[in-house]
Every structure is written in structure tokens, then in C-alpha cells.
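J.: Given next are the chains, with one letter for each unit.
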Amino acid sequence: AQSVTQLGSHVSVSEGALVLLRCNYSSSVPPYLFWYVQYPNQGLQLLLKYTSAATLVKGINGFEAEFKKSETSFHLTKPSAHMSDAAEYFCAVSDNTGGFKTIFGAGTRLFVKA
Amino acid sequence: NAGVTQTPKFRVLKTGQSMTLLCAQDMNHEYMYWYRQDPGMGLRLIHYSVGEGTTAKGEVPDGYNVSRLKKQNFLLGLESAAPSQTSVYFCASNRGVGQGEETQYFGPGTRLLVL
Numbered sequence: 001a002q003s004v005t006q007l008g009s010h011v012s013v014s015e016g017a018l019v020l021l022r023c024n025y026s027s028s029v030p031p032y033l034f035w036y037v038q039y040p041n042q043g044l045q046l047l048l049k050y051t052s053a054a055t056l057v058k059g060i061n062g063f064e065a066e067f068k069k070s071e072t073s074f075h076l077t078k079p080s081a082h083m084s085d086a087a088e089y090f091c092a093v094s095d096n097t098g099g100f101k102t103i104f105g106a107g108t109r110l111f112v113k114a
Numbered sequence: 001n002a003g004v005t006q007t008p009k010f011r012v013l014k015t016g017q018s019m020t021l022l023c024a025q026d027m028n029h030e031y032m033y034w035y036r037q038d039p040g041m042g043l044r045l046i047h048y049s050v051g052e053g054t055t056a057k058g059e060v061p062d063g064y065n066v067s068r069l070k071k072q073n074f075l076l077g078l079e080s081a082a083p084s085q086t087s088v089y090f091c092a093s094n095r096g097v098g099q100g101e102e103t104q105y106f107g108p109g110t111r112l113l114v115l
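Chains A and B, in that order, give the protein sequences. Mapped onto my numbering, the consecutive letters of the first sequence carry residue numbers 1 to 114. Mapped onto my numbering, the consecutive letters of the second sequence carry residue numbers 1 to 115.
Watch out, some of these pointers could steer you wrong.
To be verified - Quick partial rundown of chain A residues pointing at chain B, CB under 7 angstroms, derived from the structure:
(1) Tyr25
(2) Tyr32
(3) Gly43
(4) Leu44
(5) Phe90
(6) Gly105
(7) Ala106
(8) Arg109
As the list claims (entries may be wrong) - Only pairs whose alpha carbons sit at most 20 angstroms apart, straight line, appear in this in silico DMTMM-like list of lysine to aspartate or glutamate:
(9) A:Lys101 with B:Glu79
(10) B:Lys70 with B:Asp26
(11) A:Lys58 with B:Glu59
(12) A:Lys101 with B:Glu59
(13) B:Lys14 with B:Asp62
(14) A:Lys58 with B:Asp62
(15) A:Lys69 with B:Glu59
(16) A:Lys58 with B:Asp26
(17) A:Lys101 with B:Asp38
Said to hold, decoys possible - In silico negatives: residues of chain B with every beta carbon more than 12 angstroms from chain A:
(18) Gln37
(19) Gly63
(20) Leu78
(21) Thr103
Hints were generated in silico from the structure; no laboratory data involved. Yeah, the Cβ is synthetic: ideal placement off N, Cα and C, and Gly gets one too.
Construct all of the structure, not just a fragment, from the sequences and the given hints.
T.: This is how it looks when you write it as C-alpha cells:
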């Protein structure tokens, strides 16, 4: 069965500092991996995804994530945080076995201090 | 394109009442999903559909039913609402699998309060 663990329900960084949001997954087959962002009172929108091509994936708003099979990780990073990055971030895993069900992590809320 | 829309945006129910949440997408997507979001638990899949006329159970299907009579619509029903079903409900859709079609597009959510 698939599962996703996001380490840290809250992360706080200063504006301009490195953002690192951690995600570990479990999957019995090669996974599809996603990071979604949710701003207050909105639905989720895709930041980036890994679908077995390049292991370093670049997304929108300067975010990127690296797929590390040996560590079963897909951590999200951004070199320099901006106030507008404050939101909740969800890591998710899917596989192509019957319906493409997606399992989401519990989410990490990012706070950005001025 | 409106993308994915959800109706209603907010609803208050009394225990035992029934209601239907409507999700509509205008992107001709095959796959549609219903999730619920609760604090500290991320999104949990309730039911999903891989095409018109098909439905399947997700992680937390009990107390819910769904129908996909038309490709563009996915309905979520609560036959007898319970306080435990107080949540924010999100609908999502994607075109398929492979060649970049896996990205799910989400609606704005429906806030449901069951008293």
C-alpha cells in the first residue's frame, strides 16, 4: 500500500532563507510523486511532479524537488523564501494501478517571517 | 474554461439530513475524485471514477455514495449526515495517466457543517 509522510506539520523560515519541506513515501511500484500548494480558502494547485523522467524536478514559483529512490524521499526546496510562499504544502503519491488513486500527506504549513 | 466547479460552497445540515454535492468539469477529463480535508489529516480519498458510468471506493467511503452519469459531472451524496462528516470536500479531475495527464485539477471546495 502507498503512504506519504511529511515531516513537520509547521515550518517557519525568514524571508530570503532556504525553504526545505520533507516528504518520504512508500510505494510497491514506481511512483508518481507530486507537491501541491494550498492557499487559504482555496483548492490545491500543482507545484511540480515526478513521473520517472529527470530526478530533479523544477516547478512553479522557484520550487524544485529531487526524487531519491534509495531514500524514498521527495523533498521540496526553494533557495529564497518570499512572503507569498506562506501556504500549506502537500506531498502526494500515485501509481498507475487501477484508477490512479492519489494518497496525500498530512500537509506542512509554511510560515515566512519578515 | 471554468475548470472544476463545486456546488454549493457552504452548507449546514442537521444530523440525519441528506444532501448531494455537485462537481462539474469542462476539461473533458476521464478521471474524477472526491476528497475530504480535515485538520492535520491532509486529503483523504472518498470515492473516484475512471470514466462515465464507473465509480470505485477510496480510503474513507463509508456514509457516502457517488454517481457519474455524465462524463463532466461527479455527484457525492450523503444519505444520513453525521457530525463526523463535518469537513471541507474537494473535487478533482485529471485527463488520464501518462504523457503529462496525471495532474489533478481541484475545485474550490465545499464546507459542510453537520450539527
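J.: Run every hint past the structure and note whether it holds.
T.: Comparing the hints with the structure gives:
no.	hint	in the structure
1	Tyr25	violated, 13 angstroms
2	Tyr32	holds, 5 angstroms
3	Gly43	holds, 3 angstroms
4	Leu44	holds, 5 angstroms
5	Phe90	holds, 6 angstroms
6	Gly105	holds, 5 angstroms
7	Ala106	holds, 4 angstroms
8	Arg109	violated, 10 angstroms
9	A:Lys101 with B:Glu79	violated, 24 angstroms
10	B:Lys70 with B:Asp26	holds, 12 angstroms
11	A:Lys58 with B:Glu59	violated, 30 angstroms
12	A:Lys101 with B:Glu59	holds, 9 angstroms
13	B:Lys14 with B:Asp62	holds, 18 angstroms
14	A:Lys58 with B:Asp62	violated, 38 angstroms
15	A:Lys69 with B:Glu59	violated, 25 angstroms
16	A:Lys58 with B:Asp26	violated, 28 angstroms
17	A:Lys101 with B:Asp38	holds, 19 angstroms
18	Gln37	violated, 9 angstroms
19	Gly63	holds, 19 angstroms
20	Leu78	holds, 20 angstroms
21	Thr103	violated, 5 angstroms
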